[in-house]
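Visitor: Protein chains in written order, with numbering that gives the first Met the number 0: chain A, 0 to 360; chain B, 0 to 360.
In case anyone wonders, no lab produced these hints; they're calculated from the structure. It cannot be assumed that every hint is accurate.
Example chain A residues on the side facing chain B (calculated, C-beta under 7 Å, incomplete) [as the list claims (entries may be wrong)]:
hint	residue
1	V11
2	D15
3	I16
4	A87
5	H171
6	S281
7	V308
8	L309
Distance ranges between label pairs, derived from CB positions [to be verified]:
hint	chain 1	residue 1	chain 2	residue 2	range
9	B	R98	A	D298	49 to 57 Å
10	A	H171	B	K145	41 to 49 Å
11	B	D294	A	R313	24 to 32 Å
12	A	D320	B	E192	51 to 59 Å
13	A	D298	B	K222	29 to 37 Å
14	A	D320	B	G201	43 to 51 Å
15	B	A87	A	S349	41 to 49 Å
16	B	A53	A	A53	50 to 58 Å
17	B	E283	A	G344	21 to 29 Å
18	A	H171	B	A53	34 to 42 Å
19	B	R205	A	A282	48 to 56 Å
20	B	H31	A	R313	51 to 59 Å
In this text, a Cβ means the ideal position worked out from N, Cα and C, and glycines have one as well.
There are 2 protein chains.
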Amino acid sequence: MHISELDTPAIVIDLDIMERNLCRMADYTAQHRLRLRPHSKTHKIPALGAQQLALGAVGLSVAKVSEAEVMLEAGVQELLIAYPVIGALKLARMVEVARKTQLTISVDSLESAQGIAAAAFKAGVDIGILVEMDVGLHRVGVTPGKAAVGLAQDVSKLKGIHLEGFAFYPGHIKDWTADGPQKMAALSEAIEETLHQLTAAGLEARIVSGGSTPTEWHAHEVKGMNEVRPGTYIFNDRNVVLSGACSWEDCAATILTTVVSTSVDDQFVIDGGSKTFSSDKSAEPGCGIVTQAKDALFDRMNEEHGVVVLKGARDRFKVGDRVNVLPNHICVAMNLHEQVYGIRGETVESIWPVAGRGKLQ
Amino acid sequence: MHISELDTPAIVIDLDIMERNLCRMADYTAQHRLRLRPHSKTHKIPALGAQQLALGAVGLSVAKVSEAEVMLEAGVQELLIAYPVIGALKLARMVEVARKTQLTISVDSLESAQGIAAAAFKAGVDIGILVEMDVGLHRVGVTPGKAAVGLAQDVSKLKGIHLEGFAFYPGHIKDWTADGPQKMAALSEAIEETLHQLTAAGLEARIVSGGSTPTEWHAHEVKGMNEVRPGTYIFNDRNVVLSGACSWEDCAATILTTVVSTSVDDQFVIDGGSKTFSSDKSAEPGCGIVTQAKDALFDRMNEEHGVVVLKGARDRFKVGDRVNVLPNHICVAMNLHEQVYGIRGETVESIWPVAGRGKLQ
Chain A
0 MHISELDTPA IVIDLDIMER NLCRMADYTA QHRLRLRPHS KTHKIPALGA QQLALGAVGL
60 SVAKVSEAEV MLEAGVQELL IAYPVIGALK LARMVEVARK TQLTISVDSL ESAQGIAAAA
120 FKAGVDIGIL VEMDVGLHRV GVTPGKAAVG LAQDVSKLKG IHLEGFAFYP GHIKDWTADG
180 PQKMAALSEA IEETLHQLTA AGLEARIVSG GSTPTEWHAH EVKGMNEVRP GTYIFNDRNV
240 VLSGACSWED CAATILTTVV STSVDDQFVI DGGSKTFSSD KSAEPGCGIV TQAKDALFDR
300 MNEEHGVVVL KGARDRFKVG DRVNVLPNHI CVAMNLHEQV YGIRGETVES IWPVAGRGKL
360 Q
Chain B
0 MHISELDTPA IVIDLDIMER NLCRMADYTA QHRLRLRPHS KTHKIPALGA QQLALGAVGL
60 SVAKVSEAEV MLEAGVQELL IAYPVIGALK LARMVEVARK TQLTISVDSL ESAQGIAAAA
120 FKAGVDIGIL VEMDVGLHRV GVTPGKAAVG LAQDVSKLKG IHLEGFAFYP GHIKDWTADG
180 PQKMAALSEA IEETLHQLTA AGLEARIVSG GSTPTEWHAH EVKGMNEVRP GTYIFNDRNV
240 VLSGACSWED CAATILTTVV STSVDDQFVI DGGSKTFSSD KSAEPGCGIV TQAKDALFDR
300 MNEEHGVVVL KGARDRFKVG DRVNVLPNHI CVAMNLHEQV YGIRGETVES IWPVAGRGKL
360 Q
C-alpha cells in the first residue's frame, strides 16, 4: 500500500529511522554491559517489543498489569511492572502474569509489598521486587540510604516475593545540557551509598534499574546501576530533541494529517487536535512541528482541530493537502490511535494495532 | 455490582445527576422551540445518544465520519457531521452513512462542498449542507454576511447536496459572566444580518445551528438561531462549572482512582495521570478536583501518576484508599477509557463500552 492510500490522521513510523534507533540503544547498552529493559509504554505494540528483545533486550517494562498482559505476546522472559500493584483485582491478574514470565515489580511502600507477597504466596508464584527510590523528581519512591535499605530489609523477609534490588527514575533531569552532569553525579553518589548500606545489612541488589530519556547516553556514568528502561528512544519526538538526547533526524514517528480549512487568514487547520496528538506541552511554544512548514507555528488545538499559524498560509496550502506533524510527545499520541503504520519510503510495510492502548488498570 | 468491585482508574457516572442534566436541557430547548442536536463527542456511547433522542433531541452531532458510523447504532434520524469531510476514503464512508440516516455536514470551503456533492451525486444520495461561519473563535468558518451567503449560493447550485442553512460555534465566549452578553449581542446581530442577505439572494436557511457550553442557557437570545448542539451538558465537568454554566452539584462524572503512594511528604499519588484524565488544563490551577479532599491541589501528572499536594497527606490518606476526581475536561477523558460505569448510589447499574473512542478518521 502507498502512503497516499492511508486515511488521516494517522501515525506513520519511518522504519529505517526506528531500526537505527533500536540498534543504537542496543549497541550502547551492550558496550557498557547495561541490562536493557525497554519501557513498552511508547509503542504499546507486542511486535515492536519482540524486535527489542531480538536485539538483546533482557525483558520489557510496563506500568500496569493490563499492559503486562498485552506484552506477554512479545514472548518476554523478564517483565517489570514499574509501578506498585495495589488492590485485589490487580493482584489476581498479577499472579496470572507471574505464571507466564519472570515478573518483577517496583514498590515504594511496605503495604504494597505485603499485598503482592500475600497474593504471590497464596498462588504459589515468586515475584521479584525492586525498591523504588526518589532521586529528585519527588513523585514516588523512598529516600535513598536508610529508608530504602529499611524497605529492602522488610521486603526480604516476606514470603512470595524476593528482593531483586532498586529502581529509580531521574525525571528531575530535564535537560542534559543544562544541569545534567551535576545532578547525575549527586544521584550516582546516593546510589553508591545506598548499595554500601545494603551490603552492610547483609543483602544484595542483583538489579539496579534506572535511566530516563534525557540521560539515556550517560547511564554508564552512574556507579552501581546495571539496568536501563528507556522508552521513547524507539521513535523519539520533539521533547526528546529539545532535551538534547537526539537530533531531528532521529525522529521516526510523525502524524499524517489533512488540511481541512484555510478560511481564516494566515492560518491553516489540520484534521487532528488534542484527540490525535494529546495536549501535552513542550519546552518551546507549539503543539508540534509541521515538517512541510517548519516556519509555521502549530499554535493551538481543540479536540479535532489543529490551528497552524503561517503568514500567507492560503498561498502555500490548500484544502486537501497532507502534512506531517512531529508531535511533542509520541507516547501519549500512540495511546490515542487504534493502529499505526510502519513505512519504508512511501510504502506502508506494516500495520500494527496498538494493542496496549488505553490499558489503564 | 458494588462500586468497590470496580478496578481503578475508572470513570463512574452518577445516573441521577446525568438524567437531571439531560432533562434540564430537553426542557430548556423545548420551552424555547430550539432544535436539540447534542454533540455525542462527550459520551461517545450509542446508548446515551439513544437516551438523548428519547428525550426529544431531533438528532445527534459528531465530528468525524467514523463517529457517525458508531452513532448510527443510536437509531438517529438526523445526523450532523459538524466538520468538513475531505478526501476520497472519508467520502466513500460518508455516502454509506447517508444511505442510513438524514445526513448533514457543515463546510467552510467550496472545495469541501464540491467533494461531498460529487460523491453524493455519484452514489445517488442527498446530503444537507450547513455553511460554517466564523463568529469570533477564528478557527474555521467563513465570515458572516457576504462571504457566508456567497458560499451558500455556490452550495445551492451543486447536485447531490442541498443548502440546509448555517452553523457556527461561539467558542470565543469562554465565560458568560465576564463578557458573554456583549459578545452574544454582536453575534446575534451578525447572524440576523446574514439571514437578511440570504433571503435577499432568494435562498432560505431551514437550520441555523449554534451554541456552546458557556452560552448554553442563553441560546434563545440569538435571533434566527433555531438549533443547538451542546455536548458536555450530559456530564458537565470542572471547566463547565468555571465557565458559569453549571454548579458543582451538576457534575455527573468523576474518575475513581486508588492512592498508590504516600512516600513523599505532603502529597499522595493516585493511579491516574494524563493517560487517564488527559492533560487538558483549566482556567484555574490543578488537573482536577479530588472530591474527598477539596482543599488539596491536584498539582501535576505524568502518564500514570497523579500527584496531589496536601499538607499532612499521610495522616489523611493511605496506600489503597480510593478517591474520586472531577476532571477538568470530561470529553477527552472519555476518549481514554475502554468502558465506563453508570452508578446509582453505590450500585453499578450500567457498563458501557465507549464505542466512539479513538475514532479519528
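Visitor: Does each hint fit the structure? Answer for all of them.
Guide: Evaluation of the provided hints:
no.: 1; hint: V11; result: 13 Å, violated
no.: 2; hint: D15; result: 26 Å, violated
no.: 3; hint: I16; result: 23 Å, violated
no.: 4; hint: A87; result: 9 Å, violated
no.: 5; hint: H171; result: 12 Å, violated
no.: 6; hint: S281; result: 12 Å, violated
no.: 7; hint: V308; result: 10 Å, violated
no.: 8; hint: L309; result: 14 Å, violated
no.: 9; hint: B:R98 to A:D298: 49 to 57 Å; result: 39 Å, violated
no.: 10; hint: A:H171 to B:K145: 41 to 49 Å; result: 57 Å, violated
no.: 11; hint: B:D294 to A:R313: 24 to 32 Å; result: 51 Å, violated
no.: 12; hint: A:D320 to B:E192: 51 to 59 Å; result: 33 Å, violated
no.: 13; hint: A:D298 to B:K222: 29 to 37 Å; result: 33 Å, holds
no.: 14; hint: A:D320 to B:G201: 43 to 51 Å; result: 35 Å, violated
no.: 15; hint: B:A87 to A:S349: 41 to 49 Å; result: 23 Å, violated
no.: 16; hint: B:A53 to A:A53: 50 to 58 Å; result: 54 Å, holds
no.: 17; hint: B:E283 to A:G344: 21 to 29 Å; result: 48 Å, violated
no.: 18; hint: A:H171 to B:A53: 34 to 42 Å; result: 53 Å, violated
no.: 19; hint: B:R205 to A:A282: 48 to 56 Å; result: 50 Å, holds
no.: 20; hint: B:H31 to A:R313: 51 to 59 Å; result: 39 Å, violated
Figure legend: structure checked against the earlier numbered hints; hints not met, in rising order: 1, 2, 3, 4, 5, 6, 7, 8, 9, 10, 11, 12, 14, 15, 17, 18, 20.
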